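**Q** Spelled out from the first residue to the last, the chains are:
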Amino acid sequence: MPRFSTLANPSVFLGITDRVLPWLAALTASLFGVGLYLSFFVAPPDYQQGETARIMFVHVPAAWLAMLCYTVIAISSIGSLVWRHPLADVSAKTAAPLGAAFTLIALITGSLWGKPMWGTYWVWDARLTSVLVLFFLYLGLIALWDAIEEPSRAGRAAAILALVGFVNIPIIKFSVDWWNTLHQPASVIRLDGPTIHPSLLLPLLIMAVAFTCLFLWLHMKAMRAEILRRRVATMTMRRVSEAAELKAAELGA
Amino acid sequence: MDLGEHAVFIWAAYGATAVILAALVARAILDERRQKTALARLEAQGVRRRSAQTHDPRP
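Quick note, the sequences are listed as chains H and S, same order.
Its first residue numbered 436, the first sequence is counted upward by one per residue in the working numbering.
Its first residue numbered 45, the second sequence is counted upward by one per residue in the working numbering.
So the derived label-pair ranges between C-beta atoms look like this:
{"no.": "1", "chain 1": "S", "residue 1": "51", "chain 2": "H", "residue 2": "613", "range": "33 to 39 Å"}
{"no.": "2", "chain 1": "H", "residue 1": "673", "chain 2": "S", "residue 2": "47", "range": "56 to 62 Å"}
{"no.": "3", "chain 1": "H", "residue 1": "447", "chain 2": "S", "residue 2": "81", "range": "22 to 28 Å"}
{"no.": "4", "chain 1": "H", "residue 1": "602", "chain 2": "S", "residue 2": "64", "range": "23 to 29 Å"}
{"no.": "5", "chain 1": "H", "residue 1": "479", "chain 2": "S", "residue 2": "64", "range": "26 to 32 Å"}
{"no.": "6", "chain 1": "H", "residue 1": "674", "chain 2": "S", "residue 2": "45", "range": "56 to 62 Å"}
Here are some of the chain H residues that sit facing chain S, going by a computed Cβ distance under 10 Å:
{"no.": "7", "residue": "486"}
{"no.": "8", "residue": "487"}
{"no.": "9", "residue": "497"}
{"no.": "10", "residue": "544"}
{"no.": "11", "residue": "547"}
{"no.": "12", "residue": "653"}
{"no.": "13", "residue": "657"}
{"no.": "14", "residue": "660"}
{"no.": "15", "residue": "664"}
Bear in mind the hints are in silico, worked out from the structure with no lab data behind them.
Here the structure is a predicted model, which is why all the values come from computation and not from measurement.
We put the beta carbon where it would ideally sit given N, CA and C, even for glycine.
In isolation and in its complexed conformation, chain S is listed as follows (with noise of 0.2 Å):
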């Protein structure tokens, strides 16, 4: 593919964009996975949210 004498700036503009896109997908599903590793770990630990203790059979 030619993309004539301005190859660089249009090279340069659409791997701008993908690094940056791709950056965005990755701290989005990495922020996502922490989280649920969090609350998997306090759940764990016997931590309830509230509205879980209303349905709690434990005294």
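So here's chain H without its partners, still in its complex pose (with noise of 0.2 Å):
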């Protein structure tokens, strides 16, 4: 059996991502199709919100995964930290964005949910805050790395600064059990059980496996992406060198 390491290889992780894609991508698109059907078309109105509870089918998922990419960063940051992988240092680079953009559908479609049944687009409660304080996070970090032009240095700036901002994610998590919030409390993920009724967990759970699908697929093509980018940049700078000693070959000739 290959070792971890040998599979963390770049050129080995573009082989097998080559393969995964394409089925990865079919099967993202199967679930997504199967959840939309199941949340407009057999899901029943909630018995308290009506229908207005079939956002909960794309902003929950959404929700999930923007801590889950946070949690990817923060793992990959702690490989990139202790044993300076260039492959964690791409996956924490690449997840960023896509973790911003997770974000930025929880808030939003939060927003829209909450103007029916609050009466409000938004309110600065624990919950509400500390998703966008993630956000900002997500932003924070995306600019750190555009700010330093070396990719290990970027990196290792961004994995300190992920790994102090993971001290959110719990925050994000029990906000709703430590304060008094308008966000009802967790309904999926407890101790105790879902309290969700079949009929609408059933097609949010399939929604969220086809978020996360879709997640693993832009971050496996935005790896690669992000590995080509630096071979093409080690590229260039190898053929600047050789032709400045070209060059300089020709001048002292």
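Fit chain to chain and form the complex, with the hints in mind.
**A** Shown next, in the form of structure tokens:
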């Protein structure tokens, strides 16, 4: 059996993902098809919130992915800081824009759900504010990566920021238990089991798996592009230095 | 499909999600394609990666 470090070689990664990505794309599209059908045509209206509860089928998976992306960044950051693995660096860098996008979806859909249910698009309560902080953390990570030109230095700085910011993830998760918030408490991931009716839980879980598969596809695709970008940068540098050496040799002759 | 009095909020939520996810997919495809093109151009100019050069039979 190949060692993990062999699989994490960039060239091996490109080969494996080349074969996996088409299947993952097909699986993602199928899951979205089934999930959307169940969300709109099978799931009944909620007994309290009516049809508006259908926003849950995109809002909740996006919110879960917003936290999962940051967890991926934090784990990759440990790989980057401890083992200095280039793929860990690439993983952390490419997950940040995806996390920002999923967080933005969670914020927008949450606001659109909040207006008819709470009478307002936004309140500064613990859950909403901590998710907004997560969005700014993602923007900070993206800005940090862009501000430092040398990838390994940018990677180390971003990894430290990512690990410090990870404290926000449990705050988001438990904010609805620790403080009084307008946001409803957890209804799926609970110690005493889900409190949501199975007719709504099934579409939600299928949409959550669809979102997760989409994230995996996007992440692998972005990692491939980043690996190629670094190869292009290295080869461009090599060409420039070879041209400079040639010029120097000509002048010396 | 009748989504009731709040239909506009439901459609707006799904619409915004679709737009953002479509943008992510398009960005992923275009970015990889751009890097592949740049790599192919450099290789066509005879530039090789260090790892590729070790197998290069040229002197």
